[in-house]
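A.B. asks: Spelled out from the first residue to the last, the chains are:
Number of protein chains: 4
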Amino acid sequence: MSIFEQRESEIRGYCRVYPVVFDTASNARQKDDQGNEYIDFFAGAGVLNFGHNNERMKRAVIDYIERDGVTHHLDMHSTAKQTFMESFAKTILEPRDMPHKMQFMGPTGTNAVEAALKIARRATGRTEIVAFTHGFHGMTLGALACTANQAFRGAAGVPLNHVSHFPFGAEKHTSDNPLSGGKDVIEQLRVLYRDGSSGFLPPAAFLVETIQAEGGVNVADKKWLQDLQALAREVGALLILDDIQAGCGRTGSFFSFDDYDIDPDVICLAKGLGGWGTPIAMNLVKPEVDKHWKPGEHTGTFRGQALSFVAGNEAIAYFDDASFLQGVRHKGETMLKKVSPLEDKFSKVQVRGKGMMLGVDVGSGDNAKQIVADCFADGLLVAACGSGGRVVKLIPPLTIPEEDLQTGLATFVRHVEKVMEAAS
Amino acid sequence: MSIFEQRESEIRGYCRVYPVVFDTASNARQKDDQGNEYIDFFAGAGVLNFGHNNERMKRAVIDYIERDGVTHHLDMHSTAKQTFMESFAKTILEPRDMPHKMQFMGPTGTNAVEAALKIARRATGRTEIVAFTHGFHGMTLGALACTANQAFRGAAGVPLNHVSHFPFGAEKHTSDNPLSGGKDVIEQLRVLYRDGSSGFLPPAAFLVETIQAEGGVNVADKKWLQDLQALAREVGALLILDDIQAGCGRTGSFFSFDDYDIDPDVICLAKGLGGWGTPIAMNLVKPEVDKHWKPGEHTGTFRGQALSFVAGNEAIAYFDDASFLQGVRHKGETMLKKVSPLEDKFSKVQVRGKGMMLGVDVGSGDNAKQIVADCFADGLLVAACGSGGRVVKLIPPLTIPEEDLQTGLATFVRHVEKVMEAAS
Amino acid sequence: MSIFEQRESEIRGYCRVYPVVFDTASNARQKDDQGNEYIDFFAGAGVLNFGHNNERMKRAVIDYIERDGVTHHLDMHSTAKQTFMESFAKTILEPRDMPHKMQFMGPTGTNAVEAALKIARRATGRTEIVAFTHGFHGMTLGALACTANQAFRGAAGVPLNHVSHFPFGAEKHTSDNPLSGGKDVIEQLRVLYRDGSSGFLPPAAFLVETIQAEGGVNVADKKWLQDLQALAREVGALLILDDIQAGCGRTGSFFSFDDYDIDPDVICLAKGLGGWGTPIAMNLVKPEVDKHWKPGEHTGTFRGQALSFVAGNEAIAYFDDASFLQGVRHKGETMLKKVSPLEDKFSKVQVRGKGMMLGVDVGSGDNAKQIVADCFADGLLVAACGSGGRVVKLIPPLTIPEEDLQTGLATFVRHVEKVMEAAS
Amino acid sequence: MSIFEQRESEIRGYCRVYPVVFDTASNARQKDDQGNEYIDFFAGAGVLNFGHNNERMKRAVIDYIERDGVTHHLDMHSTAKQTFMESFAKTILEPRDMPHKMQFMGPTGTNAVEAALKIARRATGRTEIVAFTHGFHGMTLGALACTANQAFRGAAGVPLNHVSHFPFGAEKHTSDNPLSGGKDVIEQLRVLYRDGSSGFLPPAAFLVETIQAEGGVNVADKKWLQDLQALAREVGALLILDDIQAGCGRTGSFFSFDDYDIDPDVICLAKGLGGWGTPIAMNLVKPEVDKHWKPGEHTGTFRGQALSFVAGNEAIAYFDDASFLQGVRHKGETMLKKVSPLEDKFSKVQVRGKGMMLGVDVGSGDNAKQIVADCFADGLLVAACGSGGRVVKLIPPLTIPEEDLQTGLATFVRHVEKVMEAAS
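Residue numbers (the numbering used here), protein chains in the order written: chain B, 229 to 652; chain G, 229 to 652; chain Z, 229 to 652; chain W, 229 to 652.
Same shape as in the complex, but just chain B (with noise of 0.2 Å):
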């Protein structure tokens, strides 16, 4: 019996999918410590947008040790955060006039989520938050009463208050979204807001991801989250847009919403923002909300990752060259112009999403769990999510080679063919 089986929680979940132990990896490529090797459709399920051990960031980190730099420091100051700090008010705020304060926190998206209610809730002096069917913001209390998934919420053991769900405003009808545009809903609350008899108060903060990764690659629709915005200036609520797992360049811009037109009040980040998959976690917080922090209300050990800032300050100098960009919208094109034939062919396969992220509706968590299960015996990582897993979803590195992309597209289209034509 191994280790994990004699010692590693029942909770273990990846694990069991991937039964393998892996060993080393590079960019899109990942071995197992038998000498099998991977393509990685899954990114550390979108933290990797720069590969594997990232060259330009091994060497940064391992300088930054071997000269001994602080690496562990709290919200303390230290060069590596200033040199961090510096290149992302420079290469991403300033360019888009953004005059958001960065907050650092324990580093997890699900910490960000917790320091987002938190000062919206206090910036409002209300308590409640409107999250949307399909959401994903996190595992801990706060954050799990915006996560829409009962997958998650019932392991909570206790109510989870003070957050209530409307349906999402995707761009694409779904079977399970049964508001297309969703533009009604945004006027069916505008006119309850404003009525003291509905039972219904504005929130403190209507939280929304632009892409709802783990949700099944629901795109929101453009004039659905303007109109979100336009409610939430309008009832004096803050928009918070969770850019976790869509953001640092994901779908071709470095937020996932930049073509949307918006202007959030509050953004998560973490993932991909540390650039190789040390942890990080951030929020930017424009300064007229986050003035109603005290210091060190909401702290935490981890917040101040040295590491994390080293290799996240390379990831900031992928965004200085335009072509890197470009070259993630022309993945992106690849990868959709391979995969939705598959909507052609199956009535039940829908494809959605942006850029690198891509989600193939498989109509069932069954489908989507062989196809899995097919593409990891031949090679080729990919995981599942959206409601009862039925959604695969493609989110190789922005780096991937493009003939490891090639091999895996079409190591994946091989597989979901095969798997919808035994299922129809």
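FYI, nobody ran anything at the bench for these hints, they're computed from the structure. All values derive from a computational prediction rather than experimental measurement. Glycine is no exception: its CB is placed at the ideal position from the N, C-alpha and C atoms. Careful: at least some of the hints might be erroneous.
Unchecked claim - To give an idea of the chain Z side of the interface with chain W (calculated C-beta under 7 Å), a few residues:
{"id": "1", "residue": "Y242"}
{"id": "2", "residue": "A273"}
{"id": "3", "residue": "H300"}
{"id": "4", "residue": "Q378"}
{"id": "5", "residue": "H526"}
{"id": "6", "residue": "T529"}
Unchecked claim - The list that follows gives simulated cross-link-like pairs (lysine-lysine, DSSO-like), each with its CA atoms no further than 30 Å apart:
{"id": "7", "chain 1": "W", "residue 1": "K400", "chain 2": "W", "residue 2": "K318"}
{"id": "8", "chain 1": "Z", "residue 1": "K597", "chain 2": "W", "residue 2": "K522"}
{"id": "9", "chain 1": "Z", "residue 1": "K522", "chain 2": "W", "residue 2": "K259"}
{"id": "10", "chain 1": "Z", "residue 1": "K286", "chain 2": "W", "residue 2": "K259"}
{"id": "11", "chain 1": "G", "residue 1": "K597", "chain 2": "G", "residue 2": "K286"}
{"id": "12", "chain 1": "Z", "residue 1": "K597", "chain 2": "Z", "residue 2": "K559"}
{"id": "13", "chain 1": "G", "residue 1": "K318", "chain 2": "B", "residue 2": "K259"}
{"id": "14", "chain 1": "Z", "residue 1": "K519", "chain 2": "W", "residue 2": "K400"}
{"id": "15", "chain 1": "G", "residue 1": "K400", "chain 2": "G", "residue 2": "K450"}
{"id": "16", "chain 1": "G", "residue 1": "K597", "chain 2": "B", "residue 2": "K522"}
{"id": "17", "chain 1": "G", "residue 1": "K259", "chain 2": "G", "residue 2": "K576"}
{"id": "18", "chain 1": "Z", "residue 1": "K597", "chain 2": "W", "residue 2": "K519"}
{"id": "19", "chain 1": "Z", "residue 1": "K259", "chain 2": "W", "residue 2": "K286"}
{"id": "20", "chain 1": "W", "residue 1": "K522", "chain 2": "Z", "residue 2": "K259"}
{"id": "21", "chain 1": "B", "residue 1": "K318", "chain 2": "G", "residue 2": "K450"}
Using the hints provided, position chains G, Z and W relative to the given structure of chain B.
C.D. replies: Okay, now just chains G, Z and W, sitting in the frame of chain B:
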């Protein structure tokens, strides 16, 4: 204006206490970007038990990176994780006959506590948790409900339900800890739990620290903790031991409760576990409790931190050598010998703690603040904790050289004396 | 200064609208202590269906008192209760083949709703309740969470959890009721309840009024209410029908939903049930739901009100005579005929209602307030309800003499016309 | 099968203890429909302080009905209410220099408590309430959260939040009341409230009974209650005194706390206030608290109960005559003299109480049940209360004739002796 003043959130805290930019660090010494050097009696709030840039860990981590070891892998298996788990089982669990399973989650202490609360509620089918006055357990909503300090609770913005607090049974009587020993509280609870008309129902779990670090370095009375465990067993509740700050060698044994003769159902670890400052969190959960988890119910992107496993594996190796903990205990005695005379000299001073964690209660937050500032100006990093911030905490790296320890202690004692004399 | 100004709480309300001291009353006429007479189109907010000091009830009550009938007996058996229950079973339940049990509780509508919520939660093992926009269900914390009006909710002082509101499916479209018919809402809920990632879980119960009286006299669409019942059955939730204000003959049948072809699991009654104004409340609960109660779980000192049983028994007798309800329907038509022309005359006026409950929406709370004041000055009691108090409600005693009805209607129409003309 | 077995809810309780159908009653004697007669030592759970069908009240009520007095009027003014309020102010409030306002609400004790909680939360801007072990305050969700007994709490079906319980400071030490006197608890709370790191925040109010009737006839220690009031004042919390069962003359003075030298901010009254068993509830609220109400914020259909005002006015008249309360105190001494020897005779028996409310703790619910059944079979109505139902409560009408009192006491003592002898 520095980038920090321009762009960092108002919530930043420690950087206001130590208003410099740190650059490099080695073992117990830290340098700022102006070349000033500081002896570190804070150790990253208890993270850096093995010092900054511990040589053994540096080498292991760099080797791992150089050979393209998998850095990020969620809860998939990796060779780094395998090695860590095997070492931990062999060095820590097996000698103690501990059957506990290891659960990894988002790498923050608060996340470990959230997971512990979930499994306790699930395993017992109950909702309520009992925590204790001055307890500190984290910032996310579930853990925050257990944290006693109102400065943190007040930021929640929503009611913190399903947790009640009872007086902590401290070894030493303190003015904010009205029940010395606290045995009566346990007996009182027993009567209340037995009485169906008391308004009290047995909780899912009692959540307690052996030593309340953030709470002011309050050491639990041994008998009280045993009585608490007995009460928990009697009423069908779990005992969750939060050893996040006091564990991993800090008190002269691996677990802070090794000499308490108790057997907690769940143990939360984080901070020092990763060895050199990269994030990690782990719960040890008895199999009969752990079996209530369903796969993937408490996920987290960064729950498999390979660098922390690699460095943490080196940390575990320290505990294979009995002389290491002897050294810790010896240094602890040195600290106590130097500091305890302050108690005799100043009636308002009380010294508390165990091993290499000492708390010097200087009677008021103002006194403590002055001492911290004076020490910093004199090249020593210490921080305040406890009710109103009136306790100065001394937690140097366990690996601190004797000379640095002596220098630091002398500096500290000198400034306490100066401030206390001025205050009287 | 009167005793009321000196000693009555600032919370007093209706006495500010009708600033006189009432002394005597008979059927639909009320006199103040100065001898001024008023026609009563308010009937104690729907209590006095059989008029003030109904002769039959007076005689029965006085006889009961004179013979020393037990007046107060909690939930012990009494001959008064026996007679009431036998009459109710024979006249109301048996002809409808209703197997429901009768539960008596503290004699207020809010208490009936609290008991209904408890048994629904117990019977289903669920916590959440769905109530509807503009619904009114009472003032105690459990019922208040179901009441939609923020003017009442705001007094709770604590969050009102475990209840969510959905748009009421009104027969007529109104500006504050955005979804006319509301069929889509039911279908939308069905999809959301089926989807494990929607954030929506089926509730313990749907709590609904056939006619929202306090909410502005909104009549439920028949098909909508049937669809709601179908959804409830499908997802394992109970249907609780709050018939406290609209029941007991008010709409031309005993239950307000007699012609809706539905079969609620729990029906809440109070107000008119006791016949002449002494308190009583009763739930009708299907046996398979009722069996989940343990004896004495929802107690209440005043739950056996003998005078209310005695008078209520006389009230039931009215329903043995078919001509009584024919008369109610006839008077209802008279009311509608007189009032509905206001709709044609004023674009802002909408008339809603059923039987002898009419609501005249006059577009604003200011208009309604003026109309109520003018009517009062002219000897007619009416009261406002609905969002912002913009609906004037007409609920005369069912026993009102034809002449008083005509006089009152003429007064009312006259003042509506005057105010609406002035407002346009 | 009787109509009760056929159609009454399974929740019915007292009728199972007294399985007969009561018909008539006069003062302390009740007759069933078979002509059997019972002496009533239960008095409608404390409602019938002036006996069944009190002659003075009967006459006043019949006169009122005969002259068509307004029976139901919500919170409009009426001459009946005017007279009641004037009498209450003159006889009860003015002699005590009490500036309190009178607030009427839905006529149940639980409704009075709900209103008290609302105004306390509003006036302090706080949410938490402190109630006490064995306290009983009602069945609706807000009041139920304050009630300690799990048999009632368990029926809520949702968490009961925003209330915590502390040990009641009883005059006599009991096995389920671990802290005799309880002075330490108050001092402990004071320390905890002062300490910002204790997890304890001062509440909106302390809600307490002078004598816990349902809780087992526990009499509050005088000093403890004074200390509690002092603590409340210190921390800015209100003192709410629930005098619903013990008030209105029961203990030998109008308020049960008349000799405690305290000055509660809010006093809840109901039960005995209406005199002869028709429902009424009233809060006395200090003007500086009451002014926080907005008109109509806590409504209730039956909040103006004219018959209760009429009969209640007669009840107040009793307190104009000093000899009445002297008589009550005298009868109380008679009761105590007869019953207290049981304490000496049986080690498991403890006698508690004040005035004409005695509780005889017979050590177990089984003993108490047997005594209640034996007494009933022997023509005496008594009921059980307290933890596990182990206390038999004696609360005869205050107007009981000396002979009935003696007969009842003899019956009671005889059956206690028989049962306790059999049990030992």
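A.B. asks: Looking at the structure, which of the earlier hints fail to hold?
C.D. replies: Numbers 4, 7, 11, 14, 17 and 21, in rising order.
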